[in-house]
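Fit chain B to the supplied structure of chain A, relying on the hints for placement.
2 protein chains.
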Amino acid sequence: MPLQPDIVDQIVRIIGEERRVLIKKTDLLSYGYDASFGFFVPDLVCQVKCVEEVSEIVKLANREKIPITPRGNASGLSGGALPIEGGIVIDVSLWNDVLEIHRDDMIAIVSPGVITADIDRAAQKVGLMYPPDPSSSNVSTIAGNIAENSGGPRGLKYGVTKDYVLGLQVVTPEGHIIRTGGRTIKNVTGYDLTKLIVGSEGTLGIITEAILRLIPRPQATISLMAVFDDIVQAGYAITNVLTSGILPSKIEFMDQASIRAVESYKPMGLPINAEAVLFIELDGHPLAIRDEADYVYKLMQKTGALRVQKAETSDQEEKMWKVRKLVSPAVARHKPTKISEDATVPRSQIPSFLKRLREIKDKFDIDLVVFGHAGDGNLHPNILCDQRNKEEMKKVEKAVAAIFEAALDLGGTLSGEHGIGLMKKSFMPMEFDQFSLEMMKRIKQAWDPNNIMNPGKIFPKPGDRLVLR
Amino acid sequence: MPLQPDIVDQIVRIIGEERRVLIKKTDLLSYGYDASFGFFVPDLVCQVKCVEEVSEIVKLANREKIPITPRGNASGLSGGALPIEGGIVIDVSLWNDVLEIHRDDMIAIVSPGVITADIDRAAQKVGLMYPPDPSSSNVSTIAGNIAENSGGPRGLKYGVTKDYVLGLQVVTPEGHIIRTGGRTIKNVTGYDLTKLIVGSEGTLGIITEAILRLIPRPQATISLMAVFDDIVQAGYAITNVLTSGILPSKIEFMDQASIRAVESYKPMGLPINAEAVLFIELDGHPLAIRDEADYVYKLMQKTGALRVQKAETSDQEEKMWKVRKLVSPAVARHKPTKISEDATVPRSQIPSFLKRLREIKDKFDIDLVVFGHAGDGNLHPNILCDQRNKEEMKKVEKAVAAIFEAALDLGGTLSGEHGIGLMKKSFMPMEFDQFSLEMMKRIKQAWDPNNIMNPGKIFPKPGDRLVLR
Numbered sequence: 001m002p003l004q005p006d007i008v009d010q011i012v013r014i015i016g017e018e019r020r021v022l023i024k025k026t027d028l029l030s031y032g033y034d035a036s037f038g039f040f041v042p043d044l045v046c047q048v049k050c051v052e053e054v055s056e057i058v059k060l061a062n063r064e065k066i067p068i069t070p071r072g073n074a075s076g077l078s079g080g081a082l083p084i085e086g087g088i089v090i091d092v093s094l095w096n097d098v099l100e101i102h103r104d105d106m107i108a109i110v111s112p113g114v115i116t117a118d119i120d121r122a123a124q125k126v127g128l129m130y131p132p133d134p135s136s137s138n139v140s141t142i143a144g145n146i147a148e149n150s151g152g153p154r155g156l157k158y159g160v161t162k163d164y165v166l167g168l169q170v171v172t173p174e175g176h177i178i179r180t181g182g183r184t185i186k187n188v189t190g191y192d193l194t195k196l197i198v199g200s201e202g203t204l205g206i207i208t209e210a211i212l213r214l215i216p217r218p219q220a221t222i223s224l225m226a227v228f229d230d231i232v233q234a235g236y237a238i239t240n241v242l243t244s245g246i247l248p249s250k251i252e253f254m255d256q257a258s259i260r261a262v263e264s265y266k267p268m269g270l271p272i273n274a275e276a277v278l279f280i281e282l283d284g285h286p287l288a289i290r291d292e293a294d295y296v297y298k299l300m301q302k303t304g305a306l307r308v309q310k311a312e313t314s315d316q317e318e319k320m321w322k323v324r325k326l327v328s329p330a331v332a333r334h335k336p337t338k339i340s341e342d343a344t345v346p347r348s349q350i351p352s353f354l355k356r357l358r359e360i361k362d363k364f365d366i367d368l369v370v371f372g373h374a375g376d377g378n379l380h381p382n383i384l385c386d387q388r389n390k391e392e393m394k395k396v397e398k399a400v401a402a403i404f405e406a407a408l409d410l411g412g413t414l415s416g417e418h419g420i421g422l423m424k425k426s427f428m429p430m431e432f433d434q435f436s437l438e439m440m441k442r443i444k445q446a447w448d449p450n451n452i453m454n455p456g457k458i459f460p461k462p463g464d465r466l467v468l469r
Numbered sequence: 001m002p003l004q005p006d007i008v009d010q011i012v013r014i015i016g017e018e019r020r021v022l023i024k025k026t027d028l029l030s031y032g033y034d035a036s037f038g039f040f041v042p043d044l045v046c047q048v049k050c051v052e053e054v055s056e057i058v059k060l061a062n063r064e065k066i067p068i069t070p071r072g073n074a075s076g077l078s079g080g081a082l083p084i085e086g087g088i089v090i091d092v093s094l095w096n097d098v099l100e101i102h103r104d105d106m107i108a109i110v111s112p113g114v115i116t117a118d119i120d121r122a123a124q125k126v127g128l129m130y131p132p133d134p135s136s137s138n139v140s141t142i143a144g145n146i147a148e149n150s151g152g153p154r155g156l157k158y159g160v161t162k163d164y165v166l167g168l169q170v171v172t173p174e175g176h177i178i179r180t181g182g183r184t185i186k187n188v189t190g191y192d193l194t195k196l197i198v199g200s201e202g203t204l205g206i207i208t209e210a211i212l213r214l215i216p217r218p219q220a221t222i223s224l225m226a227v228f229d230d231i232v233q234a235g236y237a238i239t240n241v242l243t244s245g246i247l248p249s250k251i252e253f254m255d256q257a258s259i260r261a262v263e264s265y266k267p268m269g270l271p272i273n274a275e276a277v278l279f280i281e282l283d284g285h286p287l288a289i290r291d292e293a294d295y296v297y298k299l300m301q302k303t304g305a306l307r308v309q310k311a312e313t314s315d316q317e318e319k320m321w322k323v324r325k326l327v328s329p330a331v332a333r334h335k336p337t338k339i340s341e342d343a344t345v346p347r348s349q350i351p352s353f354l355k356r357l358r359e360i361k362d363k364f365d366i367d368l369v370v371f372g373h374a375g376d377g378n379l380h381p382n383i384l385c386d387q388r389n390k391e392e393m394k395k396v397e398k399a400v401a402a403i404f405e406a407a408l409d410l411g412g413t414l415s416g417e418h419g420i421g422l423m424k425k426s427f428m429p430m431e432f433d434q435f436s437l438e439m440m441k442r443i444k445q446a447w448d449p450n451n452i453m454n455p456g457k458i459f460p461k462p463g464d465r466l467v468l469r
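Protein chains in written order, with full-length UniProt numbering: chain A, 1 to 469; chain B, 1 to 469.
I should point out that these hints are in silico values taken from the structure, not numbers from a laboratory.
Since the structure is predicted, the reported quantities are computational estimates derived from the model, not experimental observations.
If a hint is listed, it holds; no wrong ones were tucked in.
Identical chains share a label here; the pair holds if one copy fits it or two copies do between them.
As a list, the in silico DSSO-like pairs of lysine-lysine whose alpha-carbon atoms are at most 27 Å apart:
(1) 125 to 302
(2) 125 to 298
(3) 441 to 65
(4) 125 to 157
(5) 441 to 59
Extracted from the complex, chain A is given alone in its bound form:
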């Protein structure tokens, strides 16, 4: 249902500039997608640039009970930025004027639309690091990362976005501007609203500024690649490293299908007959990691690696990590539809999870590609399919459910870093009992009594199930 003309007029008056209020069908269509599955066109888009604009628009929307969906650059994989009930999309991607690095306090202060990788680049100039490095970091906005609590390869050693958010400015679902946390590393003053909002997928408010923790940048890195002819053996190799007392900055995993996809997309000299490869990065003091790299090298050999290779030059190292970054685009080329999951298991269950995934692939006869941040149990099983083929999609729906069942069976969780959004909400009752979900919903109701803030996400309605057709 399109917005009433007087509502549109009020929004234009709040924003001041007509070109930042989009209502033409052609403009709105491009806001119907994100990097997940699904297409929902909003009624209006505001490209906001300051907190007062957000506050006024949200107040209006709350008064008129119009749904609001916050959006950065929409690279999310769980549908968090999709306006599934229409209404207003608040686009923060143009709002990137503040990117301050405070070296002495080891913090960054950023506007919501700042690109994630730009924060780390700015930190690097003064010897600091912003560790979270989602694969989309060159396009994703920091507000989107915060809303979804994004991870990335460095999560193994350094944790995820949540571990680096010290404070936020947020517009609540009723349009009030609040501040949470602050500039200090330690803070136990009242409830931790900061960490409640991180990962709440835009359902509790709109992030308008963030204070981020930075750390000293490691002086050096060493990278290794290990090739395996058995996927489960690669899983054991990961466990062996992690219990050796060495904590690498990254342990990434690619199965044969991912290796072959990359090679056919862009030949990188990968062993296409290998069942799995691991990419391992160590970071820290040069003397320490040289010693650790030797140890890991031998450990890989002992755990049955066919071949272990240490990057001898920075070019070689760069190429190794480029391969890993190519997986997603390479895989996406194969078939029209890619369903990307991020079910996560306890570290010790990685070999078992790999076994279960192999069984699911065979049982449902699906095109399954597995890669991801294996070191922290956060794998990305991707199902390649064709959305137009209804029979195939029925199988895919069942396979997705089987993947989640396997992860939960093994003591894992539905999502390690992509969020629940639209794609996974029907599976929430598989992971949580009634009262755990109820306590989450009470927070939502208490904060957003009119349910205008990103409605239809995270919490399933009775009878909701995954439909990909």
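Frame of chain A, contents of chain B only:
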């Protein structure tokens, strides 16, 4: 108001063992204190040992609107475990039957009454570490640490309790048993109830089990001591280390009053004419920290240290850290009353904060001792006084307010690691605007509609102010 006999009977029936239900005045008196200031006697104490007991007692209390105060070993410094509205104290300190270390998953699973230091000791046996190390770790329970989000010296490099809690079992204020989080390192499935409950000071439920993250234990440590004749210069030395690219595991600070208190309590050979000493610990790979220790040594000299000393043996190292642990008991001996604060400032403001504390000491003519975890801006200004001297306590009340004002002026926060509890609630409106506090209270109301769970903590009533008389 004592509980009705039929309520007591019901509680005894739930617990089954009469000796774990305390109602005698003499028994109850010892539950009137914690390590803070204040004395409030409960009407009944239950020494619980399983989640079903907690659930049933809380259901009963919620039905009858009886206040409940959860309690571990009551070593908290902000009054979190004080039953200020009477009612039932739920004591978890006897409930310590589970302490499992899962080496492959790098996690610990613990009962609420397990002693904090025992977790680290158990982890150490398999080469792992539980980093949070509050000074009270040999007496504090893990549930108390989680409720208050305790810190400690290692917080500088490793963060606080919250950074290590992966999952919880909790009894809600209505008596429902819920599970939050899980065994995986990454988890973005729904709202992060785990991190909401950590640091909520027992106002949102009772912690009945925790899943904790462990990390590989650093192979080696090196400790140094640096002596300064100017307190502010010591502050600059801290900043210089932190911006050098080296992140020590600890940087602890003691001012002259703390040095002298320790020396008169137990002679340790400290320089009693020094204005300040820093204790620094580096941990990690032996080759890396040897190199880093040399660098820090020179940096201290360059920043004007009178003397720098590296612990050459493990005995020397142990003695250095014993000195730091002696500060609290040594200081407590001086006067009958000790008001221990933990206002925290951004790292760059440490020198300014030290200056402001010196001014406050002079202005209010109080006995002020300053020590603490200076590396993360988390200082502990302790005011030594005599509660029976009303005139003195008036000055102390004003000085406490001035300390918080200074910390907030400098961009800091009321509490870095002790919590708000009873002691700091009247200062909450100094740090938070109306709506930020309002959003916290809405969570409390939504979870605990009858306000039975640790009532009277964190949130001030209108007109509340600190009264120490």
